[in-house]
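Enquirer: Sequence:
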Amino acid sequence: MTTSGTHDWYRFYPEHAPHEIDVTDETIEQTLFVAAERFPQRVAIDYLGATVTYAQLLERSRRAATVFRSAGIRPGDVVALALPNCPQHLYAFYGAVLAGATVAEVNPLGTQIEITRELDLVAAKAFVAWEKTLETLAATEDDSRVYFSVNISHSLPLHSRLLLRLPVKKARSLKEKLRGQAPAVAESFDAALRRASAQPPDAFRPAPADADAVYLFTGGTTGEPKAVRLSHRNLVSNRKQLIAWVPFDAQSHQVEAGVLPFFHAFGLTMVLLTGVDLAATIILQPTFNAGSLLDAHKRHPITVFPGVAPMFSRVLKEVEAREAAGRPEDLSSIKFAVSGGMALAPSLATRWEEATKNYIIEGYGLTEASPVISGSPMNEYRRASTLGVPFPSTEVRLADPDHPDTTITEGPGEILVRGPQVCLGYLGDEAASAQTIVDGWLRTGDIGHWEDGFLVMADRRKEVIINNGFNIYPTEVEDAIRKIPGVSDVAVVGIPDHEHEERGESVVAALVLEPSTTMSLAQLRQWLEGLLPHYAMPTSFAIFESLPHSMLGKVLRKSVREQIERFQLVAGQWVRSATEVASDAASRAISAASSMTSRLASRDDPRVEIPAESRDDEQAQVCPVTHREDE
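Numbering (our numbering), first residue to last: -12 to 618.
Please note that a few of the clues may not be correct.
[Said to hold, decoys possible] 35 Å max Cα-Cα, derived DSBU-like pairs, lysine-lysine: (1) Lys285 x Lys344; (2) Lys470 x Lys322; (3) Lys112 x Lys470; (4) Lys322 x Lys344; (5) Lys449 x Lys344.
Just so you know, the hints here were simulated from the structure itself, not pulled from any lab data.
Please construct the entire structure, taking both the sequences and the accompanying hints into account.
Expert: This is how it looks when you write it as structure tokens:
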């Protein structure tokens, strides 16, 4: 059995990977200067066909720094960004850092209450936001905050911008999706950049490495929304750990898929920061679209693809569709694929490796760790559906959840992490910081166990179901249920057993079934015989048309639990009450009427072809968020 003291995982390290990285005083913007000096004419950004070189990226970031300084931003102030992935996001991010500010990344599709609360929490002095985001805020002239609006269509290729001006319904509909009505108090960020002069090189003073560089918002390991304080040293260290782990050829030009949102730690570190460190060409998409990503792949063959499991699945489906249509795709240039956010099914990993002829590995982390903690080696030792082994300069141990100073060597325990990537704590919340980081060890709230040197996830501590004194891990029950034919999606949650309170929680399975599939509780339990111990068997179930997922594709068990608690239990199955059914029917009727109106208002003009990168298909949204990741 492996513990953090033995470091047994080192035997699985790739030959190129060091046990330790150099932890330095470097700050996050310094690699932008290096990339612009070494490769000034290399394409830094491909945004749906429009390109920006590294020299231009640095120059526009310096202009952004001038804009912020002119707006009164001083070292230590906070500049908040609420933007999808677009060139302006990088200009504003690096510009704020060059102005000495701390960047707060905000979900651009958050609600007014969420965004306002987050801006107030970090005391943001400036807010750079997508026009559609600013529509939701009640910004006024009395507000002391400085507002900048971003038109994300401004950076599109010229032909796409011209098409948006056509007097046809589809062009107008697309324009409405991309643009919004910003309040009068907001200044155009694009116009401000055009007017500004670039910040002189001698005007920049790097921040201390231990200063707050970025605030990312999370439910934290204790439940309440918090601002995670990530220092320059945290982020630079995690970037170095990633580059040390993945066998990049320092002499090769990397092309990275920039489809993960930058307001999420995985996208921020793996794409925005690591991409610039590699002087890579970043294929930016404001939303994930497999078709347009493959189109970009033809312009710049992708070599690095960080993503989540549904993204890899969609790309493979699009490749299959194109091959069936006589348009084969070559994915062999994708040498490095890193999956995170949720488990990667072994079958999907196999399909991806067959299609690319290269490895795909899984990583594990959380916002408080900048975010990456561990990953499978990118070699024959990789193991799907595990958390891999700890990264260089990272220690991991398992502890008793109720006594974190007690290390567990047998069976599951809470995953604790120590390393240079562990955050400084939560802004303005010393109690939560002290509860989460104990003697330098980050309490992840995740339950895991060691399996021959590899870390394996059991579940989130707060999602563990306790029934009759037994700990039941929802993920294990879900994995067993996924083996049942006809089950397309599943979530397992604990519901208080009010009839037998002494038992704790009942195991409830929320199922999405394929068409024509039926299920009874007896059938469900019969299928699971031999796969689960008796105490982990579901005692009831519910049928859903679909389950809520986070922006990274994980099922939101909290939301599922809340919905089930509004149902009625009838003969082992949770069903909607008559009131809920009537309300749901009314909602569907209103939705259908709205949908019909929308279709009538957006009939295609046969004379107009919207470019592939802007087509309105089932994957085309402006930002890849449908649910907040609140668990």
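Enquirer: Does each hint hold? Answer for all of them.
Expert: Verification of the supplied hints:
1. Lys285 x Lys344: holds, 18 Å
2. Lys470 x Lys322: This hinted pair holds, its Cα atoms lying about 31 Å apart.
3. Lys112 x Lys470: violated, 52 Å
4. Lys322 x Lys344: Holds, because 8 Å separates the two Cα atoms, which is no more than 35 Å.
5. Lys449 x Lys344: violated, 39 Å
Violated hints, listed in ascending order, are 3, 5; each of the other numbered hints is respected by the structure.
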